[in-house]
Every structure is written in C-alpha cells, then in structure tokens.
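Visitor: Go by the hints and put chain B with the ligands onto chain A.
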Amino acid sequence: MKGIFTYMKRDFLKWYRGRVAVVSALVMPAAWLIFVGLALPVKFTGNYLDFITPGILVMTMLSAGLSGGALLMFDKILGFLNKFLALPTPRSSILVGKILFITGRGLIQTTIILVIALMIGATLMSPLQYLLTYFVLFLFGVLISAFATTIALYLDDHDSYSAFSTMISMPLFFTSSALMPYDVMPAWLATLARLNPLSFAIDAVREIGAGIIPSLSVILLVTISAVILGICMSVFRRVTI
Amino acid sequence: MRNTGTDAREWDGEMTMNAIETSNLTKYYDALCAVDDLTLSINNEIFALLGPNGSGKTTTVLMLTTLLHPTKGSATVCGNDILRNAEEVRSCISYVPQDMAVDIKLTGRENVRFFADLYGVENAKDRVDEVLAVMELTDRADDLIKTYSGGMRRRLELAQALVHEPSVLFLDEPTIGLDVAARKKIWEHIRNLRKKGMTIFVTTHYMDEADQFCDRVGIISKGRIAALGSPSELKARLMKDVITVRIEGECTPPHIEGVIFVGRTGDEVSFTAENGSEALPVLADTLARSGAAIRAMFLREPTLDDVFLQAVGQQEEPHGFEDAKFRIMLRRRK
Ligand SMILES: Nc1ncnc2c1ncn2[C@@H]1O[C@H](COP(=O)(O)OP(=O)(O)OP(=O)(O)O)[C@@H](O)[C@H]1O
Ligand SMILES: [Mg+2]
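Keeping their order, the protein sequence lines are chains A and B. Quick note on numbering: the working numbering labels position 5 of the first sequence as 125, and the sequence is numbered without any gaps. Quick note on numbering: the working numbering labels position 209 of the second sequence as 198, and the sequence is numbered without any gaps.
None of these hints come from the bench; they were simulated from the model. Do not take every clue at face value.
[As the list claims (entries may be wrong)] Result set (SDA-like, lysine to any residue): computed pairs, CA atoms no more than 20 Å apart in a straight line:
| # | chain 1 | residue 1 | chain 2 | residue 2 |
| --- | --- | --- | --- | --- |
| 1 | B | K61 | B | N74 |
| 2 | A | K122 | B | E77 |
| 3 | A | K134 | B | D92 |
| 4 | B | K135 | A | R137 |
| 5 | A | K134 | A | A145 |
| 6 | B | K94 | A | K122 |
Isolated chain A, as found in the complex (with noise of 0.2 Å):
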C-alpha cells in the first residue's frame, strides 16, 4: 500500500534524531528483569530468570506499543493528521505506517532485553527458537500498537491517552501468566490470565523455549491481531475529525 514505508520511515527518523526516549523506554523492563528474575525466590522453577524473560519481553512489547499510542496523539495536536488525512495517500496507511514503527521499534528494545537476560545467566536458545520468538512478539505489536493507536485516534488530548495506558497497562501485566504459571496462580487470577491476550504471547514464547510449536497461542494471536488490524483499519478510512 501506497506510503505505509513513508509514513513509517518519518517515524524513524524522529525517532533516531530523538535519542532520550530509546534509553528511558528500556529502564522498566531492564529493572524487572534484573531486581525480580534474579532475586525472587521461587519454588516452582530451577531457572526463574528463563520463567520470567518471556514475560519480560512482551511487557517490553506492551509498554513500546501503548507509547506508540501517543505518536499519534502527538500527530493529531499537532496538526498534522489533518494534513494527512487529506492527502490522497489511502488513510489506513497512516495506521500501517504507524503500527510497523512501534512494533519495529519495540523489536529493537526486546533484542535489548534479550542480550540482558543472556548476560545474567538466561539459557542461550537456538537460532530458530529466537525466530519464532520474533514473530511471536510481531504479532503481538501488531495488535497492541493497532489497539493503541485507534484509541489515541478518537481520545481528545494526551492526558487522556496516559491515563488510559497506565489504567490497562499494569492490570494486563499482573493478570498475565507473566510472573507466575497458572497452576500456582489462586483459580480466580487463572481465569483472568488464561484470557488475557498478553499470556498468548508470553505462553507461546515459552513453549518455543522449551522446544515446542506453540500452535495453539499462535493461531489464538493470530486471529485476534487480525480482527483488530481489520477493525481498526475500517476505523481510520472513515475517520473524520
């Protein structure tokens, strides 16, 4: 689709010409790794670094794409939304550019926190496992970034758009499967997290670290990336201001 790479490529190279916000974007998820994968004591696990990296990651994911949100916030304070929006360049390609910016860029943090991980003592995985961990965590961008950008289309102004990432941002965290596997879980907090989209994405990374085609949470992330990507593009071809 017509300028989906320009779209994409303006974003880079804010980014790159920004430089702060790649470092303080990383802090988080590098002191949860480091302050509780290594000093937790836990019982039901030998390694809890190797338990707790898959969830690390895709936290990384989740605060990279609900970030990505406010981008285009920004754009649409901005002012230049409306000069995009009447452009003859397709409008879903405003989100497409948008969504492969965030997820590109939340891969770039993940491969951060994985060289971390490796050098306080995770397990070394085979060229093929970090694969498919990769395209588990793409499609995991996809939905969020999709999720976060359409919000930030239709809230007013940017404390709004906070507001609303820090309220889902840490309850998606903690009732997760991120911390904890379900069967040490209380049954409620089970439930929750056998929902909750973000321990599809964890689960599968930690089945294909344990050697394992993860096909169920696969197609499960599949879909719901899909659904949304659908909806969201629907939204924004229709979208007036």
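Guide: Just chain B with the ligands now, kept in the frame of chain A:
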C-alpha cells in the same frame, strides 16, 4: 471593461466544470450552526472567505477538504462529490491548515520530500528542488526546521502543498501571525500560482489582503454569506465617499439626504455619502446639534472594512470588542 471580464468568467463556467461548487452546505456542531446554507461556485480565481473569528471559515474548508462531513447540503471539488468521491477530491487538492505543522526535527528538504513521496510524485528529487526554489528556500533547505522563522515555515508548508501540482489549493489563514513583508511574499506566491491556472480558496480575516490580492471575496458572518463579489464591485455598491466620525458617548444616527449610516465600531461611526466634501459640514452641524461630542472627522474612499461593516453590522465578538477591552486596560494602567 468590467462587462467583458464577467462574460469571460461565465463563458468559462459553461465550458468547464467549476472548481468548487457548494449547494446549501450546512454544518451543525450539536446545536451550534457553524456553517449555514452556503451556496457558492468558484472557478479559476483567488477566492477569499473573509470573516471574523468563529464565523465558520475553517469549518467550510474542513468540509471541502473531506475532513468533516456536512450536516446538510453537498459540494463538489473538481467535479467530485466530497462525500461520495472523497478519494478523488483529495487527489486534486492540497490543503494547508490554519495551524502550522512541520516536523521540526527534519530538514526543509526532508519535510517536502516526505509529502512528495506521499503524493507519489514522479521525479520526486527534482520536483522537491524545484518547489523549494520557487518558495526561495533553497539555501536553507538542509537546515532543521527548528532554525526556521515563522514566515519560512509557512513558505515550506506551501512548498509541501505544491509538490504535486494540485488543481485547487486550500489555504486556511495563510498569513496569520506573519509580519508585513512575509505576508506580502506569501501573497506574491499565491498570485503567481493563480497565473499558472490554479484555483485558490483562501480564508482570512485581514480585509486589506482580501481587497488587494483576491479576485472575489465572500464575506461570511455566523456561517452565512453576507456579501459576495469582487472587492471593487463590493466597494462600488457602497456610495462614493466614506466619512468616519470619532464620537464620545452616545449618538443617534441623523437623517440627512445623501448620507447613509453604515455602522459603528467602538467610538467610530461611519457614513457614506455621494459627495463627501459637501456632506462633511452638514453632518458635523447635525451631529453637534443632536448633542454628540465630535472628536475628529475623516473623509476617505471606501475600503472592504466599510463593506464588511455594512454587510455584517457591528462586529460583536472579535476586534471591536478586544479593542475596547484593551483601551480599558490601558486606562487602568495610567
Ligand atoms: N469541533 C468543534 N466542536 C464544536 N464547535 C466547534 C468546533 N469547531 C468549531 N466550532 C464552532 O464553530 C464555529 C465556527 O468555527 P470555525 O473554526 O469554523 O471559525 P473560523 O471562522 O475558522 O474562526 P477563526 O478565524 O478563529 O479561525 C465557532 O463558533 C466555533 O466555536
Ligand atoms: Mg479558522
């Protein structure tokens, strides 16, 4: 002379489709009517929508650029319906919004190239160089926008809008916040575009600009067109001379033959007269007898301001009001 001009335009109108055609275009924001039953045809000219703050100029532009759906009525741009053929409309227009938006972390060239790529312009590189040269930005093209002045940013936005050679250009307050020299420069560029055959739809609240640079003006007030025509026609509809009287306190407009009351802004009361220099002493006498305290009187040719005043009546909200407020502030300070 004027006759042949009008004929030519009508002839054009029959031969080709009008660039912009609106019929009963209406927009409500909830209960507020921002644009009220607008019917216009605009072809191959610089058309200015002239009106005070909040009169519905931006709302009109947003509807014509397909960013906003009208509540009622319809419009076509280059023969394409703004609702049914929105994509086609967007491919023959360019739009520069009222609020400036250029990426300050990118260079001038990158900003223009970005739009060239979005439009899918052929030979993008050369075309970008060309429009940058037209807008006199070549020597600053590789500097970050951070270092550009307001006037340069506006010209850069024009360059962005012009990379794809639109048939209709929408400019929402292109000169707002610029100094006199920068405003003049922008208008010179707009005139040149017109010479190349582009239709330009511009909104402004500067009367003098509309008067000097535009072919036709629509005065809009509270969403309605109050007067429509070329600046000279509109001024000719008023009478020959305008007399402005500065008065302290109240004044009831007197009835004098050959003198017509136009309106009042602040402490200035305007009249038009067939023969200004003869009407001046008569008006002074009559006003003095009715008890008004005259501070000064001016005799001049009519301007669009007078047309505006007559068409719209006293400006309630915008300038007049703020002038008065400002004077009160000054008085308090003394
Ligand atoms: N999104 C909106 N929601 C509700 N009311 C609006 C909205 N946008 C504009 N209005 C109202 O519609 C009217 C027309 O606004 P518009 O922006 O078209 O005016 P304008 O002529 O462009 O003014 P200005 O010279 O200040 O730019 C105003 O009364 C304004 O308050
Ligand atoms: Mg406006």
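Visitor: Hints first: check each against the structure and report whether it holds.
Guide: Verification of the hints:
1. B:K61 - B:N74: holds, 17 Å
2. A:K122 - B:E77: Distance of about 15 Å is within 20 Å: holds.
3. A:K134 - B:D92: Cα-Cα ~8 Å, so holds.
4. B:K135 - A:R137: Distance ~13 Å between K135 (chain B) and R137 (chain A) Cα, so the pair holds.
5. A:K134 - A:A145: Since the Cα atoms of K134 (chain A) and A145 (chain A) sit roughly 16 Å apart, the hinted pair holds (cutoff 20 Å).
6. B:K94 - A:K122: Answer violated: K94 (chain B) to K122 (chain A) is near 24 Å, above 20 Å.
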